[in-house]
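2 protein chains.
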Amino acid sequence: MSNSTAERLLEAGREELRAVGHQTLTIRMVAQRAGVSSATAYTYLESKNRLYAELFWRFLVEDEQVAEGADAVARVRSVTRNLANRLAEAPELAAAVTPALLGPDPEVDELRLRIGSEFVRRFRDALGAKADVAVLEALALAFSGALLQAGMGLMTYAEMADRLDSVVAVIMKGN
Amino acid sequence: MSNSTAERLLEAGREELRAVGHQTLTIRMVAQRAGVSSATAYTYLESKNRLYAELFWRFLVEDEQVAEGADAVARVRSVTRNLANRLAEAPELAAAVTPALLGPDPEVDELRLRIGSEFVRRFRDALGAKADVAVLEALALAFSGALLQAGMGLMTYAEMADRLDSVVAVIMKGN
DNA sequence: GGTGGAGTTGGACACCTGTCCAATTTAGAA
DNA sequence: TTCTAAATTGGACAGGTGTCCAACTCCACC
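First to last, the sequence lines map onto chains A and B.
So that you can map any letter, position 110 of the first sequence is 110 in the working numbering, and since no number is skipped, the others follow by simple counting.
So that you can map any letter, position 6 of the second sequence is 6 in the working numbering, and since no number is skipped, the others follow by simple counting.
Hints may be right or wrong, so weigh each one.
Any copy will do: because identical chains look the same in the list, a pair fits if it lies in one copy or spans two.
[To be verified] Within a straight-line C-alpha distance of at most 20 angstroms, the following computed EDC-like cross-link-like pairs (lysine to aspartate or glutamate) qualify: (1) LYS173 <-> GLU68; (2) LYS130 <-> GLU68; (3) LYS48 <-> ASP132; (4) LYS48 <-> GLU11; (5) LYS48 <-> GLU107; (6) LYS173 <-> ASP132; (7) LYS130 <-> GLU89; (8) LYS48 <-> ASP105; (9) LYS173 <-> ASP71; (10) LYS173 <-> GLU46; (11) LYS130 <-> GLU118; (12) LYS48 <-> ASP109; (13) LYS48 <-> GLU15.
Read the hints as simulated data drawn from the structure, not as lab findings.
I would like the entire structure built from these sequences, with the hints used as guidance.
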């Protein structure tokens, strides 16, 4: 059932993250919010990084929109815009996930791959049949870079969309 | 003098980082290696993140090579190759700096900008007079993305050079 | 109605981070 | 040589992380 302890903890984590940010969040506070002891929390949330990665994954797949547009450029842009807009809605989560995925915790290994693959899949779908591997890689790297720079505060998640539009154009011009 | 306590601490930090990795390094161990008390260490190294950012900055500027090549593509590649090769020499430092710059510590703010600007500067120089802003941005984002992915272990620093070669080609084709 | 195993709990543990400060050491100036 | 100001030190502190485990609760099933 969706009210299992594990689910309640994830939900509490989401709320706590929104409320205090990823730097301030502590597992013990999440436990408290979920009405559970911290020992129990650690039973389900192996680590803060794992929590963030899991929340981000759920957030990511929770409402994929089909890329629309006549040409590949438009479709790719709809992917980046869609992602950027969603991230802008949950900046705390976005800020949390980048460092989380950089962590060494073996328990995030799988999520790291899953999240990375999901981005690539979306770009591949948007590119359509003529998906050039080099173009795909360029898009994936540019998008990762945008995530990193936004995570560093060098750009806001709101700006991300516009910046990526022009980068997408550059990458796809002549390819 | 170059043997000041501050310098000795940075040097000890470099050694310790190489020896045990950024996850395991503790300021107190660095202090010990430098033959200094931990209170003194904290006087000079405001935080681990600051230490990593500072070490990275020094590493970055310590031997810049002039970008060579007849055309812009070749020059940009020489920049990415040079950086990738250097990072490959110090993977522990490279792995340390990405999360460090993502940290909130106000004391890394300045380094974050300085390091980012340095990358952009190198790309701009390589592009030469006809430096299109969008191209520059695409290169910077792709390079950041490569740093992030390498930091996550999705690629090695050695692979980075090759991967970026093809990405650079894609970005600059037709621009 | 009893009982066993899963789930949960409190609290100790080892260790880290950064901060703080009173006390001491060390040099360079007088 | 003596004095003073800066550098250094030891050690305590508050708070976090993640681990561990013996004890307790509860419910499904016999």
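Results of checking the hints against the structure:
no., hint, verdict
1, LYS173 <-> GLU68, "within (19 angstroms within a copy, 25 angstroms between copies)"
2, LYS130 <-> GLU68, "within (16 angstroms within a copy, 34 angstroms between copies)"
3, LYS48 <-> ASP132, "neither (37 angstroms within a copy, 41 angstroms between copies)"
4, LYS48 <-> GLU11, "within (14 angstroms within a copy, 32 angstroms between copies)"
5, LYS48 <-> GLU107, "within (11 angstroms within a copy, 24 angstroms between copies)"
6, LYS173 <-> ASP132, "both (13 angstroms within a copy, 14 angstroms between copies)"
7, LYS130 <-> GLU89, "neither (32 angstroms within a copy, 37 angstroms between copies)"
8, LYS48 <-> ASP105, "both (10 angstroms within a copy, 19 angstroms between copies)"
9, LYS173 <-> ASP71, "both (12 angstroms within a copy, 19 angstroms between copies)"
10, LYS173 <-> GLU46, "neither (45 angstroms within a copy, 46 angstroms between copies)"
11, LYS130 <-> GLU118, "within (19 angstroms within a copy, 36 angstroms between copies)"
12, LYS48 <-> ASP109, "within (14 angstroms within a copy, 24 angstroms between copies)"
13, LYS48 <-> GLU15, "within (14 angstroms within a copy, 29 angstroms between copies)"
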